[in-house]
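Novice: The opening residue of the sequence shown carries number 1 in our numbering; numbering runs sequentially from there.
Watch out, some of these pointers could steer you wrong.
Stated by the list, open to error - Keeping only pairs whose Cα atoms sit at most 16 Å apart, straight-line, the calculated EDC-like set for lysine to aspartate or glutamate is:
(1) 339 - 419
(2) 339 - 391
(3) 339 - 390
Honestly, the hints are just simulated from the structure, not real lab data.
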Amino acid sequence: LACTAAFHLLRRVQRAWPGLDGADSAAAGFGGRLTPWRAAVFVGAVAASPVLALAGWVSVYHETELWAFALFLWTAVRLLDLLHAPSPRHVRAAGLLAVATVLTRASVGIGALVAVGLVAVVLWRRDHRPDARRGLSWAVAGLLANSLVNYAKVGTWLDLPADRQVLTLQSPARAAWFAGNGGSFFSPRFLPTTVVQYLRPDAVHFERLVPFVKFGPNASDLGSYPLEGNTASSSLTVAATALCLLAVIGAGMVVRRRAWWLAWPWAGAVVAAAPTLMIGFIANRYLVDLLPVLVLPAAVAAVAWRPARARLWKGLALASLVWGAWANVAFAVWTSELKNPGFTSWRYQIDDAVFGGAPPNVVDVVPGGPVPSPGTVGIDGACDGLYIVEDDHWVPLELAWGARRIAFVMPALTADHWEQTLITTGDGVLTAIRADSTGLTWDPTDGESSAALVPAGALVEVVADPVAGGMHVVADGTEVMFLLASPDLSTATLGEGIEDRTPTDRGTPICDAIAARR
1 LACTAAFHLL
11 RRVQRAWPGL
21 DGADSAAAGF
31 GGRLTPWRAA
41 VFVGAVAASP
51 VLALAGWVSV
61 YHETELWAFA
71 LFLWTAVRLL
81 DLLHAPSPRH
91 VRAAGLLAVA
101 TVLTRASVGI
111 GALVAVGLVA
121 VVLWRRDHRP
131 DARRGLSWAV
141 AGLLANSLVN
151 YAKVGTWLDL
161 PADRQVLTLQ
171 SPARAAWFAG
181 NGGSFFSPRF
191 LPTTVVQYLR
201 PDAVHFERLV
211 PFVKFGPNAS
221 DLGSYPLEGN
231 TASSSLTVAA
241 TALCLLAVIG
251 AGMVVRRRAW
261 WLAWPWAGAV
271 VAAAPTLMIG
281 FIANRYLVDL
291 LPVLVLPAAV
301 AAVAWRPARA
311 RLWKGLALAS
321 LVWGAWANVA
331 FAVWTSELKN
341 PGFTSWRYQI
351 DDAVFGGAPP
361 NVVDVVPGGP
371 VPSPGTVGID
381 GACDGLYIVE
391 DDHWVPLELA
401 WGARRIAFVM
411 PALTADHWEQ
421 TLITTGDGVL
431 TAIRADSTGL
441 TWDPTDGESS
451 AALVPAGALV
461 EVVADPVAGG
471 MHVVADGTEV
481 MFLLASPDLS
491 TATLGEGIED
501 RTPTDRGTPI
511 CDAIAARR
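The task is simple: from the sequences and hints, build the whole structure.
Specialist: Here's what the structure looks like:
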């Protein structure tokens with residue numbers, strides 16, 4: 001849908017650009033005007049961008065970003081129609097699309113509504129006042145619809161009361177962050193950090209492991225207030241290289257030719273991008289919010305730019321499209337498969353077959369020590385655990401039976417035998433207790449007890465991870481208890497008569513294969 005909108009946007013720019021018409025468009029090659037090659041480069045540049053990375057993983061966040069991007073482009077198409085030939089039909093189409101955009105993603109949609117309002121002002125000055133009034137009505141109606149929906153959801157007209165989210169209420173650190181930022185996610189104080197991160201050309205890292213490309217370093221706090229969230233992200237110059245080049249060229253052409261008709265939808269794109277640049281959170285998906293700022297001037301370059309060395313620029317265009325597709329597919333794979341043990345296994349199997357020798361990007365985990373760059377694989381002890389770095393923390397891929405995991409059968413208790421020790425560790429005791437029904441309790445050596453109901457005969461698995469942190473108790477596949485404690489299960493003893501179901505195999509084949517190469 002976004003690619004189709006990009007093609008139609010290109011046709012509207014061709015129609016509006018001074019000196020271009022159907023006869024001019026018949027010129028062949030990159031040195032001509034609008035040709036199939038030029039259209040393919042432009043649409044390919046839109047496709048081989050962060051749009052592709054987001055399409056690679058099913059997520060409500062990604063779906064919202066993609067729909068808003070496509071709807072904004074269609075709004076721009078209809079606004080150019082409206083500027084070219086004012087009519088109630090074009091006003092209605094642009095208004096409906098802008099309202100759909102704001103109801104999909106408010107930040108981007110407000111930019112679309114602003115663009116509709118600006119074009120309405122232009123029509124008013126051109127004495128197309130009935131259409132101007134209709135356009136302004138659509139802009140106001142869209143803002144009102146978004147406000148009503150927002151109020152029905154969260155009790156505010158426009159703002160997102162993140163300080164009242166359940167996650168915030170459960171996290172003192174998050175609550176303190178919002179208190180220091182006026183209860184809002186947004187502030188101009190984040191602009192130095194976000195602008196630099198989303199434009200930096202080094203937001204990529206190369207390695208010899210498939211897919212050879214991964215996210216570069218996380219953003220550095222450059223503003224006067226720290227970010228609330230700092231996840232892995234690329235940048236526009238890396239993930240939308242072709243669009244960036246075309247946009248710079250096209251923007252220069254717009255200024256030289258004073259093609260201000262493009263300024264009105266572009267101003268809406270800037271408004272749509274502003275909240276993304278002022279939010280205290282870095283994420284790769286936010287790059288899509290910024291793309292309309294590039295797409296509109298890039299369309300001008302695709303239509304009207306005539307480079308002197310056409311063959312060279314054709315090669316560069318093709319190379320940038322190939323790079324964009326490769327990089328964004330790699331980013332999508334990292335986003336969706338980072339925590340999948342099979343992904344790490346597959347990458348190192350290929351590396352062993354092609355290169356052999358010591359495995360790259362593998363370190364020894366130091367619990368509580370500095371965390372290396374994202375994507376680094378870590379081994380804890382003698383393969384007690386295999387981990388990979390996500391953002392600034394370790395994520396477990398494999399945990400060894402007997403060292404990090406143990407399993408047993410929940411005993412049946414009676415009125416005469418109403419309490420049974422299940423596990424004894426240096427940090428506490430897990431006990432089965434019968435009251436009205438059978439349950440278990442964790443009694444730490446220091447701290448408060450925790451309890452959960454577990455039926456007799458259930459297969460109970462206890463997982464304690466001192467690296468990632470926390471202890472999970474799972475009964476018949478359902479987690480019944482999570483604790484911040486991480487007792488050492490390698491020295492744990494089962495209570496008398498407890499049926500041990502811990503496998504004799506440690507269950508760390510991936511770690512064993514990687515460790516054998518070190």
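Novice: None of the hints should be skipped; say for each whether it holds.
Specialist: Each hint tested on the structure:
{"no.": "1", "hint": "339 - 419", "in the structure": "violated, 39 Å"}
{"no.": "2", "hint": "339 - 391", "in the structure": "holds, 12 Å"}
{"no.": "3", "hint": "339 - 390", "in the structure": "holds, 8 Å"}
The structure shown violates just one earlier hint, number 1.
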